[in-house]
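Engineer: Order-wise, the sequence lines are chains A and B.
Each residue of the first sequence is one higher than the one before, starting from 0 at the first, in numbering that gives the first Met the number 0.
Each residue of the second sequence is one higher than the one before, starting from 0 at the first, in numbering that gives the first Met the number 0.
Fair warning: there could be bad hints in the mix.
What the hints assert, rightly or not - Reference excerpt, derived from the structure (chain B facing chain A, CB under 10 Å, subset only):
| hint | residue |
| --- | --- |
| 1 | Phe5 |
| 2 | Gly17 |
| 3 | Leu25 |
| 4 | Asp31 |
| 5 | Gly35 |
| 6 | Ala36 |
Stated by the list, open to error - Simulated coverage check for chain A against chain B, where a stretch passes if three residues somewhere in it have a Cβ under 8 Å from a Cβ of chain B:
| hint | stretch |
| --- | --- |
| 7 | 110-118 |
| 8 | 144-153 |
Said to hold, decoys possible - Some but not every residue of chain A turned toward chain B, in silico, with C-beta under 10 Å:
| hint | residue |
| --- | --- |
| 9 | Gly45 |
| 10 | Cys47 |
| 11 | Leu48 |
| 12 | His49 |
| 13 | Asn126 |
| 14 | Leu129 |
| 15 | Phe420 |
| 16 | Lys427 |
| 17 | Gly430 |
FYI, nobody ran anything at the bench for these hints, they're computed from the structure.
Since the structure is predicted, the reported quantities are computational estimates derived from the model, not experimental observations.
All C-beta atoms, glycine included, are put in the ideal place defined by N, C-alpha and C.
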Amino acid sequence: MSCCAPGAELDLHQPGARDDEVLLASRRLHDGLWQTDLSVPDIHCGGCLHTIETVLNKLGGVASARANLSARRTTVLWRGDTPPPMIPALEAAGFPAHLYEPATNEKDVVLSELLRALAVAGFAASNIMLLSVSVWSGAEAATRDLFHWISALIALPALAYSGRIFFLSAWRSLRHGRTNMDVPISVGVLLTFGMSLYETIHHGPYAYFDAAVSLLFFLLIGRTLDHVMRERARQAVSGLARLSPRGALVKRNDGSQSYLPVDEIEPGMTILLAAGERVPVDARVVRGTSELDLSLVSGESAPRVASEGTVLQAGVLNLNAPLTVVATAAAKGSFLAEMVRMMEAAEAGRSSYRRIADRAAQLYAPLVHSFALLTFAGWMIAGRDAHFAITAAIAVLIVTCPCALGLAVPMVHVVAARRLFEKGIMIKDGGALERLAGVNAVVFDKTGTLTSAQPRLTVQGKPDADVLALAAAMAAHSRHPYSQAVARLGCCPHTLTFDAVSEVPGNGIEARRGNDVYRLGRPDWTIANRRLASAEFNATVALSVNGDIQVCFGLDDQLRAGAEEAVAELRRLGAFTEILSGDSDARVRKLAQRLGLTSVANARPADKIRHVEALKQAGNKVLMVGDGLNDAPALRAADVSMAPASASDIGRNAADLVFLRDSLQAVPEAMIVSRAAATLVRQNFALAVVYNVIAIPLAVAGAVNPLLAAIAMSLSSLTVVANALRLGPARQASTASAPAVPEEAPLLLGALK
Amino acid sequence: MIDFFFLVPIAIGLGLAGLASFMWTLQNDQYDDLEGAAERILFGRNDGPR
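Okay, chain B solo, but in the shape it has when bound (with noise of 0.2 Å):
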């Protein structure tokens, strides 16, 4: 029983840790531009999202 103590909350916890990075990368319109975002890695420059 001990057990579900860590791991319920680590499995929760990493998902919600998954959901906050996609909240967050929506927030930052990474979402924008999907198909323009896999050309600019052929970019020389330095070109991370706004």
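For reference, chain A alone in the conformation it holds in the complex (with noise of 0.2 Å):
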């Protein structure tokens, strides 16, 4: 990153978990094993987990250790009371891990099942073709009559086994009075079924089996696939550290400390908060001086000091030294449980969205079962039998091919997924990326949004290196966030050795060399003499020799990658763009200008909702974009929400879509991609419908027979996906002007913030 002033990122670093907390995340397995699951995001190569394991496997109390690869992530069994010490070994071995919700880790049974069925459909339809071919190619008689059979006794337990996903998912829409896809698709392919059973009964020459089977097969990929993406995007974004405490350590009565899970701590309980830790229920100090960040809670960027008496939010981050504090709230009672309510409560405003799927069930599956039922009673008045009549009709069900339909919107989903999986951004369902794609207005919020998720520490002025260096050499004394940053500025080893050094909480370092006194730290507490210019003031660091102030450090809200082209680029995509902040006025407006947007300052989580609600009966389609806690209830009320990687756990999971890598461009990037599979899915649907007016005279004619039925059904799907695969590389065109991006997908490392 440049910037015009030397800056050095704040390193807002969780320390590494205690062995309560991983005790917390872990699960009890049978005979005294534990079993506890790290994310570890570097991963990469086979290298890695042959380290990963030799390194865990040494520790003692590790029964088994296996990483995996694909979805970077390890499993530990272990022995003993207290967990081994597993993550400050891998972050030896140069693997930073973090816990991983056990919660979430449940093995993905809707995958396995659809898997099973997947395979079950595939064998039988591969069988029945296979019979079906020899019919087609001419069996007569007996010999076509056995094939038949053969094929009814396949397709039976196949389509028990692989259509109950269809049938059970049609059912229960159909219990609550609506239809979706799996509505025709279910009364067709059990049709189809009956009627070829009937016509095998009574030696007839045309069974359907392999098209009722060989549908059911081609959606199940579709459903796969979609599944796949989906759980992909869910695990990488569950990856992600978890910034919000498991727990805390709670001071009992006589003494004794516990680590009490976040759900047992009750008001009136006393924390023992360490530095570098979060809040983890509202709360009052009762003893020590710290800094806190506050940007994921209200999106103030600059630090705040807390001492005795501060009341503190849930989220709050504890930057520098240890507080005693008392819980105020029960975890229900909390910031963070106000901003669930507030999030369901926005999510119940929300109009409830109709994938564009069902819309298109909703016009078809009347429209093909009237065509249907006309077919069958025109041939009736018509004076044919009965049985030409049935099946006639159920000819048009099995040509007018849900297939085509079942497959239009999943395939481009799955396509588009993908494409946007290959940028970093993880997108949680299709019906996001349907409303993405008609949105015309996008907010963003300010802190750790269209800024970096770290602030920097930029030198104001033109300090000699000396002054640089004599600050590096004092701030490497602590392990304050700031000063961290202020020794990573000093260019070159300063000579100067110091006779004493104290820090002093809540207000910086202090040296003594001979009579000299040196410090390092807040502006009032450095500078000795206040006739100062205000701007030096409002300073976050100053180092001053004996009360004269030598160089100044600035809290920089540094614009994160890629804002201003993506900005630009929204722009360009015709949609209106604002700022939406509850930090303040001043610091709001100077973003807003650089990037030549409105902006509306000092906003509540209750007035974020409601600005995005305005926006909405503007009738706008609203983008959110943000990160904190409290923007999670207005990214719920918004059409569709974006997060970055960086964001408050409850902004990730309010979010629709999580953009993994550091630039903003991922916003205009997902627009793009989701306009592309817009289109593509309308001219599916239009290829879907060319291809029935075709095929539904020849149908209703009568002239349809299995092996038409079956070539019609192939084509159709083939063309509809070929159609999908067309989202990808030719669009990438458009965003050419985008900053290379590296390859692998940088997923956002450890606990940032």
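Build the complex: two chains, separate frames, hints provided.
Structural biologist: Following this line, the structure appears as structure tokens:
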């Protein structure tokens, strides 16, 4: 990142999880064995697997360790009362790791069910097709009947097993008085099978078992791919480090300390909050002075001082010194819980969006079913026998082929999700893609979204390298994030040695050498001369010698990479863009001017919801991009929402899309892909309609036989899939201006912020 | 006609065998880490699937 003034990013790093937290996140298995799942974002090769497993297996107490390259996770089984030092060991080996949520680590039952259904359908389809080909090539009489019977025997269990996914979903939606795509699919498949069975029993020449089963097979392929893509996105998101605490160290009245899960903390309990920890529940400080990072909670980017009596909201990060706090609310009464309630309220207000496939089904099902009925009635009136009339009617159902329709949307979504995945953008469901395509207003949060997740400390003015080196030498004595940033600013080693160095919590570092007193820290503490320019008091850190100022460091809102390009690109896409922030007016306005956007500052969570609602009311489709706890309700209220990987847990969960790479270019990129996808979906529907216009008259005339139906079905499915695959490289030309992104998706490391 | 009594069951039996082995591998978590499995083949030690 380039910037005019030299600066270093603050490393607001949470300390590694303590043993108690590891224990909370572990699952007890049989006979004293514990299982801990770790997310290790840096696994990227076979060698990594080897190193990780060797390192972990060497630890005492570890029964087995297994790393997973695809999921970038490691599962460790261990015995004993305290967990082995897995995270430090991995860290030492060069693999930063963090705890993975056990709640989201259940085996993906839906996927294995889909895969099993797919395998059964595949087996049945191929075997029935084998027999059908023989029939088509001229098997006669007894042979044909035998083949039909064998086909029926294979088709029945296959339909019962693989088809149940569609039947259940169709039944659920019918019971609620709605139709979805699964209704015509189920009706079609069941009627086709019924008619074929009837034909088989009566030695008829035509049976459509192959059509029924291969229809299921094709549809299941689409559905499985769809699920795999979404699951991959979900896993990538849940693999990010959790930012909210799992528990806290509670000091009991008798002086003993124990680590309690957040849910068990009650108002009145005394909590010991170490530096680098987040406040678990709303609390009040009773002892200690420290600085707090509120960026995730309120959107304020400048740290705030906390001392005795300061009221803290859950989720605030304690930056530098230990604090003793008293809980004022239980977890369910905390700020976090309030945000969840607001989110739910916003969710209820979100007009229930009907996915395009369901809307198509709503049109398609009655249309096709009445066509079939009319065909039946027409032939009956024309004086043909009931058998012929029914056969023609069912042929209509078969050839109208919900197959192409069933694949039209999911295939495009799968391809689009894949493209987004390659760009480091995770999409949680296909509906979000459809909603994103219609967006014409984009609302950005400021802190952590438009600006970089990590604040930067920049040098003000042009000091001598020597002064910087002095500051760096002093800063090296402290672990405060500001100090570490200052320490990294020093270019050359400083030879000064101090007689004594001490850290004054909440103020800074004081060093003595001879009669000189050096201070590095808060400006009002370091600088004795009070008649200084206010600009210098605006600084965050200052260095003074005997009270005389030497150099100031300021906290800079560093624009997130690609922010300016993203805003320009969004404008080109015709979207109205603005900033909606909880930070102070001055800071927001400064950034808004730089980007040329309108802005709203000092917005509380409720204000954010109201603002988004107002935009929606005016007829806009709103995309909200935000990261903080305070953004979560607005993320839910908007039509569609995005969050960076550095967002709060609740923000990440609330958002429909999460982008893992640093660049804000993800926002226009996602919009471009979604718009291309929307076009392709429309084309696919048009293809399906064109195909039906040709096929339906044939079927109505009773001129369709199983061979024709099979060819038509495969052709229509293939066209739709081929069309979906067009979404991709060709479209990237429009985003060619984007800076080159690294090949490997850099999963966000560790607990930033 | 008599050929069918051998050939058809053999054809279907082969298909069933394939289906069963797929189900077994699925049950055995062999698709959990496809990329990892491809890399593990290069490890020296015996490191079979769980």
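Engineer: Could you work out which of the previously given hints the structure breaks and list their numbers from low to high?
Structural biologist: When the structure is compared with the hints, numbers 1, 15, 16 and 17 turn out to be violated.
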